[in-house]
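Visitor: Sequence:
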Amino acid sequence: MAHPAGLDFLVNKGDWKQHRFDESPVPEIGDGQVLLRVDRFAFTANNISYALAGDMLGYWRFFPAPEGWGRLPTMGFGDVIASKHPDVTAGTRCFGFYPMSRYLRIEPSAARPSGIIDGAPHREGLALAYNQYSPTGSDALYQPEHEDALMLMRGLFLTSFLADDFIADKGFGEQLVLISSASSKTSIALGHLVSTSGRARAVGLTSERNLEFVRKLGCYDQVVTYDQAPSLDATAPSVYVDMAGNAALRRSVHERFGNELKHSCSIGATHWDQTGGDDEGLPGPKPEFFFAPAQIQKRAADWGPAELQRKLAEAWSGFRSFSEGWLQVQHGSGREAVARVYEDTLAGRTEPQHGHVLSLWDAA
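Here my numbering runs 12 ahead of the position in the sequence shown, where the first position is 1.
In short, the hints are calculated from the structure, not lab data.
Honestly, I wouldn't trust all of these hints.
To be verified - Cross-link-like lysine to aspartate or glutamate pairs, in silico, EDC-like; alpha carbons within 20 Å at most: (1) K298 - D151; (2) K274 - D314; (3) K298 - E267; (4) K25 - D67; (5) K323 - D67; (6) K25 - E272; (7) K182 - E272; (8) K96 - E40.
As the list claims (entries may be wrong) - Just the calculated beta-carbon pair ranges, DEER-fashion: (9) E35 - A325: 33 to 43 Å; (10) D239 - D374: 38 to 48 Å; (11) K228 - A248: 41 to 51 Å; (12) G230 - S36: 42 to 52 Å; (13) G131 - P16: 21 to 31 Å; (14) R352 - G26: 16 to 26 Å; (15) K96 - G270: 57 to 67 Å; (16) D314 - R361: 40 to 50 Å.
Virtual Cβ for every residue (Gly too), placed ideally from N, Cα, C.
Construct the complete structure from the given sequences, taking the supplied hints into account.
Guide: Here it is, written out as structure tokens:
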């Protein structure tokens, strides 16, 4: 049976406001290769962070594109529609890192029930966690009725889980965990983990526009607007988790807390257009980038893969249940829907309670 032509959503790496759709023939596969039909994928502000770190952390390398253009990675589900690999069968449904496309061709270097690893040359050296595709039949976190939540929040929840674990593991002695961009789903997950652990108080920093939404979530012990950050009680040892990437806000927090700030880590860039700025002379600790794959490798070694998955599944179950009280899934399919969600997310026009699940097929 003939398959419809391929379709890719491309972003100009020099100007993210420019984007286009490219049609292409259905990819052919050779020996050892597998072709997946990208069924659906989630798009959040976190995907904009991938663009910001595209060259620094290799996110543009996952899916090759024409010179000057990039294919943003997303979390989604795909189905194997053709396979010339002896250990991968057609019909296998997999969760993992997908482009905003109709098809993805991979070259498994390993294929086990627990995961299929894409060993394509262009992905060499990239984080193993992002090169793995999880067959749903053996995925401990998979529940068919919760696919939307998995796409939207599994990846960012993993980041938050590992960030929370990193902070606890380092023993900073924090009493406050300050979290910027508190309405973002990654921040909400971290706030939930911190507040439910009882280890420290979670303080959410947000915009005036999203203040009421964030307060109603109930996952933060305190919520303030960005311009109220300089008035926070700065007498307790604290950790700052920067999801916004806003240089002016980062300076404000550092100047307020000074030596009481025991660690400052950068994770996201929801304020992608305000990331420029000089950190020279910044009081307190030097901001450090948090790279989740490094922490997952550490914990896999410390605990063993099975125990890591058990802890993650337990924490995920609690957060997914919590999200049912506020997350509103929005489905969209086709070029127009994908372009609109991308543009709205880039411009900060999306509502924090909305989670967008998209498809480049006419019927999602």
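Visitor: So, for every hint listed, does it hold in this structure?
Guide: Verification of the supplied hints:
1. K298 - D151: Violated, because 38 Å separates the two Cα atoms, which is more than 20 Å.
2. K274 - D314: Judged against 20 Å, a Cα distance of about 24 Å means the pair is violated.
3. K298 - E267: holds (12 Å)
4. K25 - D67: Within the cut-off at roughly 9 Å; holds.
5. K323 - D67: violated (32 Å)
6. K25 - E272: violated (38 Å)
7. K182 - E272: Holds - the C-alpha atoms of E272 and K182 are around 16 Å apart, at most 20 Å.
8. K96 - E40: Holds, at roughly 11 Å.
9. E35 - A325: 33 to 43 Å: Cβ of E35 to Cβ of A325: about 40 Å, so the range 33 to 43 Å holds.
10. D239 - D374: 38 to 48 Å: With a Cβ separation near 45 Å, D239 and D374 satisfy 38 to 48 Å, so the hint holds.
11. K228 - A248: 41 to 51 Å: At roughly 25 Å between Cβ atoms, A248 and K228 fall outside 41 to 51 Å, so the hint is violated.
12. G230 - S36: 42 to 52 Å: holds (46 Å)
13. G131 - P16: 21 to 31 Å: For G131 and P16 the Cβ distance comes to about 28 Å; the hint holds.
14. R352 - G26: 16 to 26 Å: The hint (16 to 26 Å, Cβ to Cβ) holds, given that R352 and G26 are roughly 22 Å apart.
15. K96 - G270: 57 to 67 Å: holds (60 Å)
16. D314 - R361: 40 to 50 Å: Since D314 and R361 have Cβ atoms about 42 Å apart, the given range 40 to 50 Å holds.
This entry does not satisfy hints 1, 2, 5, 6 and 11, going by the numbered hints stated previously.
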